[in-house]
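Participant: For reference, the chains in residue letters:
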Amino acid sequence: MRHEGNLNSLRNWEKAGHPRDNELRIIIPASLGAVRRGLENIKTGLAPFGFSADELSSLEIVLAEALNNIVEHAYTEADNGLIEVSLTQIPCGLACTIIDNGKMMPGGEPPLGLQANLDCDRADLPEGGFGWFLIRELAHELDYQHIDGQNKLSFRLAIGEMS
Amino acid sequence: MKLEHQDFDDVRVVSVGENRIDAACAIQFKDEMRALSDSGPARIVLDLGNVEFLDSSGLGAVVAALKAVRNGQQLELAALHPTVQRVFRLTRMDTVFKIHTSVADAVEGIANAS
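Protein chains in written order, with UniProt numbering: chain A, 1 to 163; chain B, 1 to 114.
Just chain B, with the same shape it has in the complex (with noise of 0.2 Å):
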């Protein structure tokens, strides 16, 4: 699992280097994402913009990438294509997360926000 991360002013943005978060990778990625938001600032942006697919493991592997962050730290999504959009939608995790269309959009909200 490669996963690569950038900072900002006061945020990380964490992207995934595969194309593909499933069953195979889950629990790399959710112990590499651990650690990259044990070591970040406040806000985490992961970036799904290479990931063409995830499945109900890589779903989960997000969840509890969500549940791993410390008491008052932000993990939201940038970027998704259709599938992984769906596997969100239909399973209502949507409601759960703030997603944003592109990583600038999430930098840049981030930015205008504080």
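In isolation and in its complexed conformation, chain A is listed as follows (with noise of 0.2 Å):
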């Protein structure tokens, strides 16, 4: 069995207020599978926020995108990291936070995510660097911090946007 992270890490980190009825907060160890399981549990919390299927959609894009990553780039396995997911509903649609203590990105920034070129030989065809692309064509105000030894990674969806 995974060792579920280590609940020291925990310490500094935002103290969890009372739930709130437009937020989902989710707290889960880094590891792939883990990721999988989240992703399915906030699908199913969000249920309440009348998502549509194309909303929730984009939502797990760039939600696996970004998870993947902490899995896969800040923390290694020996780590037992663990990353939170914030996650509320406001008018101009969905703000999301995650949260990790693993090594800080490359050059304090998240990569660029550039279209990668197609026009080439199937040969040279790109088979990795399509995550940051897709974080950045369905996310808004894509904010990054490194504070403390804490990553923080905030965007906005425009989905289920109150009118």
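Keep in mind the hints are simulated off the structure, nothing from the lab.
Ideal Cβ positions, reconstructed from N, Cα and C, are used throughout, including at glycine.
Every clue listed holds true.
If you only want the chain A side, here are some residues facing chain B, beta carbon under 8 Å, derived:
| hint | residue |
| --- | --- |
| 1 | Leu32 |
| 2 | Asp54 |
| 3 | Asn68 |
| 4 | Gly128 |
| 5 | Phe133 |
| 6 | Leu134 |
Join the two chains, each given in its own frame, into one complex according to the hints.
Facilitator: So this is what it looks like as structure tokens:
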């Protein structure tokens, strides 16, 4: 059985207040399997928000990329790291914040995620580098900070906008 | 990762038995696809009808499967769910692959073309 994360690393995280009706917050261990289950739980937890299938698919794509990046690049397997995801419904969409205690992103900046050039021979087609492109394509107001050993990625998804 | 295959005249239809191709199973998918294309006929149709979600690692694995086919062998896709289709469209990978709306279309198209 996999270790379910180092709870001590939670100490310096923001104290979770009383859950509000417009907020969903979950903490998952940093493993690819836990990300998969976490995404399922998030979709279930968001059911009362009434997002459409398309809107949930945008959310799942962006969260999957951001969370897998943390598992694969910010933490090493020995870290037993944790990841916290907070989603808050706001008038212009869904505000998302993802916190981890892993390594800082290279250069302290999220990758640019440029559109890959596909005008090439089959053998030269890219097999990676799509993750940040998808995040930047679907997320708005992307912000990344590394403070006191903690990574904080936040963005807004234009889903479920209140008119 | 569960990949099943069925051979017709000159086409092998490979069906993904799971509902996602993601970072947790991408490498396994890539390896199993490679084995099935290595031993397969000139055309391989990947039936994604069960796959409701594909992330960038899954997309990379499908691209790797395309790159792994033999010279002259084709890898085509069929029955993409909207979320999967979206990932292909956003990354413009829909311009690289021949994509059929259904497996029946793919197999019929192949039969008609030959």
